[in-house]
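Enquirer: If you want the building blocks of each chain, they are given just below.
There are 2 protein chains.
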Amino acid sequence: MAQDYVKMWQDLGINLENHDCLLKALADIYQQIYLSQKNRPEGMKYFDFVISEAHGLRIKELLEAKKQGKKVIGTFCVYVPEEMILAVNGICVGLCAGAQIGFDEAEKVLPKNTCDLIKAFIGFKLTQVCPYTESCDLLVGETTCDGKKKAYEILDKLTRKVYVMEVPHRKTEASKELFLKELFSLKDRLEELSGVKISVESLKEGIKIVNEKRKALMRLENLRAYDPAPISGLDALLINQIAFYDDPVRFTQKVNELCDELEERIKKGIGVKPKGTPRIFITGCPFALPNWKLHHIIETSGAVVVGEESCVGRRYYHTLVPENFSSVEDGIKLLAERYLKTHCACFTPNAERIEDIKNMAKDLKAQGVIYYSIQFCTPYLFEAYQVEKEINLPFLKIDTNYSMEDVGQLKTRCEAFIETL
Amino acid sequence: MAQDYVKMWQDLGINLENHDCLLKALADIYQQIYLSQKNRPEGMKYFDFVISEAHGLRIKELLEAKKQGKKVIGTFCVYVPEEMILAVNGICVGLCAGAQIGFDEAEKVLPKNTCDLIKAFIGFKLTQVCPYTESCDLLVGETTCDGKKKAYEILDKLTRKVYVMEVPHRKTEASKELFLKELFSLKDRLEELSGVKISVESLKEGIKIVNEKRKALMRLENLRAYDPAPISGLDALLINQIAFYDDPVRFTQKVNELCDELEERIKKGIGVKPKGTPRIFITGCPFALPNWKLHHIIETSGAVVVGEESCVGRRYYHTLVPENFSSVEDGIKLLAERYLKTHCACFTPNAERIEDIKNMAKDLKAQGVIYYSIQFCTPYLFEAYQVEKEINLPFLKIDTNYSMEDVGQLKTRCEAFIETL
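So the sequence lines, in the order shown, correspond to chains R and Z. Residues 1 to 421 (our numbering) make up the first sequence, in order. Residues 1 to 421 (our numbering) make up the second sequence, in order.
Since copy identity is lost for identical chains, a pair holds within one copy or between any two.
Quick list of in silico lysine-lysine cross-link-like pairs, DSS-like style, CA-CA up to 25 Å:
#  : residue 1 : residue 2
1  : 181       : 171
2  : 333       : 181
3  : 358       : 108
4  : 389       : 358
5  : 161       : 7
6  : 397       : 108
7  : 176       : 341
8  : 176       : 333
9  : 181       : 341
10 : 112       : 389
11 : 161       : 389
12 : 397       : 112
13 : 208       : 333
14 : 157       : 171
15 : 157       : 358
These are calculated hints, taken from the structure and not from any lab test.
Next comes chain R alone, as it looks inside the complex (with noise of 0.2 Å):
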């Protein structure tokens, strides 16, 4: 990245020392594990772009929108109504993280038993570099898990900045409505932030611009069903994982001529892989940028992934808004309605997931399920025996972080995995 952004960071409050040390460590990933692959489509060139400006570019931009007094919105969790955001002439960035940094100091605050992804955002967060959690006006967190739910509290100390939002766990009238009372308290804290009302057209717009994201993920899922797959299933999570930080419109655009690529190659019968590769889904905890681990060890052991019901996957995408309402009022109801069409395993029961997976996996005719889960995510974990029990299909789990020290391990269950498919 260009030099020029050393003093963006500096203004921002970033470690240089750490930050460097991040950036070096991901630019060696992103060259091992991505620019490796073979057969690429064209449209990726575009998000290996974005990834290279990650912390360059994209920040520029936030920044500027915020001197154009926009506000910039972290979000943990895909339960947090991006629409809502834009509504507000605001940004929305996921800010999940994927990789083992500042966990000697996160472990301080923390109890070592936490998953890897809490460990990261807190880990993140104390060794002061990633230039979007410094970035935000707002940090949006949910009640969905023990964990994330508690690690606000000391984000909070450490930030001041924390808003949190009830995500209730049950599927009644009564969670219903509470989840809609919550949507209503946070429209007024996002008004109160951005100085903006929410009105019709601007919640209209914001639903429009989310609905269509979600439309060209989908389209993209959709072209993973081919044989050969178009696409290998690292570049298709690398674009969901951009999903949740780059600017919504250029990102559905891009993602759509990316698409229409994928058509094309359909067309010609062009793969990533050779026709009758292994397919293989996977299910489970989010994978944050930039954990690639477990989608690299498959691909590199001989079959392609197909689709990830996920919150970086189709527990992101599923469902569009009706972008047909009169009144603002209306349109949050919607929106509530629409939010608890997902499928978290936070809620019980949630015997809808499962039926998720079914559908998902036939679709896009995998052959083998990976149930991936982060160590000590325990409501993932939990699920993991009703789903193994239920799905007709070869079944995997992996339990696992974000250390590499097992990677050796993971891919010779892999490969043994995918041998009997």
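Starting from the known structure of chain R, fit chain Z onto it as the hints suggest.
Expert: For chain Z alone, coordinates are given in the frame of chain R:
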């Protein structure tokens, strides 16, 4: 226990072989830990008897009550309102379990990194050793922590008797409304199960009985403030554990009789340990029966335990419910208000708990605080950091499980801590 219970256990579906092992182990441990204590109050004889008949006479009482049409309702959490269970003429029994039984079986359906309290109640069910669980007509779970919430899904598959009520995780008006609605839904479920409609009178009667129980337990806590301590922490813990399954009226009477005796002891300066014995206050996770490990370690290391900020402790008997209301609805509103004054770490933020700890430690003249967490209990492990920072008393953090493997190490740590006081 008398031989004539065998048929009763068999009829309940108890696995006699497993159950025999459990009872023998318990009898030995009880002898070692409890009956070996010196200077115990006379009044403990009743509680010794209750424990010796825990799987005998009390189960016989439950089954006789069931014959007369009463329903037995199992609970796992102090947010489930016992008052409402009594108001439908039901019997409430606490089902959290404090022993490492059936863990091999439990680990086939639960993640390995699950806390021992959860493994225990699932293990008890899978090995069919708990006559309480087997006597229950309904098991009322809640959404307090990720582990229990997801474990109830499994328990329901095993029993088909689980009803889950949502406990919110914030203390906003919207969350309070959700909790109130959940109490109304629970009322419907209890009325449906029992065929008994809750009336103002029956609700008042239920509230009165539980208020009296809580008053007696609070009276007992207050007497532990004296030096020399008139009762051991172990004995007080036992009483707090028995509170969850003994007949409430009889129990209250026996606790009050014991308190009368303790008041006499205090007047005469009689204690279980010499005046000036170091005084330890415990805060953290619940101690389900027969989890006596930490108290035993502390009290055989030269100190006395003077109080517990715990669900088996103050979080159970804090705050009474007003008895002057004129409709069932108003009574339930008062219950909801009372229960939400319970400061569990499942809430965010939960600063009130820290105030409770400070106040209790002061009132009970504690010289040191031991923070007890069950391994993998995310909410209490997280709060330990905040508690440690804000408590101005010597502080020791113990993160352990139900196994006896670490007893030597814990004893060394506790002894070293107590020496510094």
